[in-house]
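*Asks:* Based on the sequences and whatever the hints tell you, model everything.
The sequence shown lines up with residues -20 to -1, 1 to 307 when you count with mature numbering (1 follows the signal peptide of the UniProt record, and there is no 0).
Source of the hints: derived by calculation from the structure; they are not laboratory data. Possibly wrong hints are sitting among the right ones.
As the list claims (entries may be wrong) - Derived lysine to aspartate or glutamate pairs resembling DMTMM-like cross-links, with alpha carbons at most 20 Å apart: (1) K262 <-> E237; (2) K86 <-> E56; (3) K47 <-> D247.
Claimed, not checked - Label-pair distances were calculated between CB atoms; the ranges are: (4) S49 <-> T198: 29 to 39 Å; (5) E304 <-> S260: 33 to 43 Å; (6) P175 <-> S204: 12 to 22 Å; (7) N38 <-> S224: 43 to 53 Å.
Even for Gly, the Cβ is constructed at its ideal location relative to N, Cα and C.
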Amino acid sequence: MDAKMGYIFKVMRWIFCFVACGITFGCTNSGFQNANSRPCILSMNRMIHDCVERVVGNRLATAVLIKGSLDPHAYEMVKGDKDKIAGSAVIFCNGLGLEHTLSLRKHLENNPNSVKLGERLIARGAFVPLEEDGICDPHIWMDLSIWKEAVIEITEVLIEKFPEWSAEFKANSEELVCEMSILDSWAKQCLSTIPENLRYLVSGHNAFSYFTRRYLATPEEVASGAWRSRCISPEGLSPEAQISVRDIMAVVDYINEHDVSVVFPEDTLNQDALKKIVSSLKKSHLVRLAQKPLYSDNVDDNYFSTFKHNVCLITEELGGVALECQR
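*Replies:* Here it is as structure tokens:
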């Protein structure tokens, strides 16, 4: 009898442990529920995720797929990602070709819960996309005047999906958009303190075109398209591309032409190309690497503080004054 009771006790203990584990598995682990069985909103990257979190508050569970310093251009799905995608109520993607690897396309392209923010913004005329060699530039989070439109799009999708919380989502969204407008104005003020003849940005890869058009160019340059001469990089839109000698020489010529004194490495990129450029110019032109890297396809702490970091770094390295931000 004692042996039988011991067996029953052991079985009940295992059942209890199993149930406890099932309860504690949340959206970020299994992708389909959390402790309160709240629907999960999945974002492809932190730039989207940090905005989604602000809009939903504590009403919904949130998760991000591509974390840390992983390159969203080259991300391939890993174990557990399929469950997260399959179990999410809404999946917010950047779109514009950013999530282009085979494994991501397989699970996102025909997914009814997948929302491509870039394409939706273009469809309603929120911005004019930039292109390089016929390929759409996906780095729209670099321009806050565009990215706050993405927040509005996120909010509309969430209200349609969860109308019971529409008032709360709308209030949260309006507060966030207001803060982003203030941050956008602050960025323009800071970067306008850089002398016009020094406003040339050399970065690791071509991720700063939207940033340059919005914050470094004059209104006349934006109107004429001449703003494109304000930035260059040895790599194209995706860091996956191979760098040629021709690419490096184009940057060298650009630095000489515009008397550039500092080039900006990026947090997730190999610095070899920029180091070669700096080294090749040592005898003829004094140029150096910036003291800190820029963040392009990922974030440091969060999207908003990372944007501030980039603005302050570029402003100060190019001879401007980083003003105090009110938000």
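*Asks:* Now look at each hint and say whether the structure bears it out.
*Replies:* Here is how each hint holds up against the structure:
no. : hint                      : result
1   : K262 <-> E237             : 15 Å, holds
2   : K86 <-> E56               : 11 Å, holds
3   : K47 <-> D247              : 14 Å, holds
4   : S49 <-> T198: 29 to 39 Å  : 34 Å, holds
5   : E304 <-> S260: 33 to 43 Å : 39 Å, holds
6   : P175 <-> S204: 12 to 22 Å : 21 Å, holds
7   : N38 <-> S224: 43 to 53 Å  : 50 Å, holds
In the structure shown, no violation is registered for any of the earlier numbered hints.
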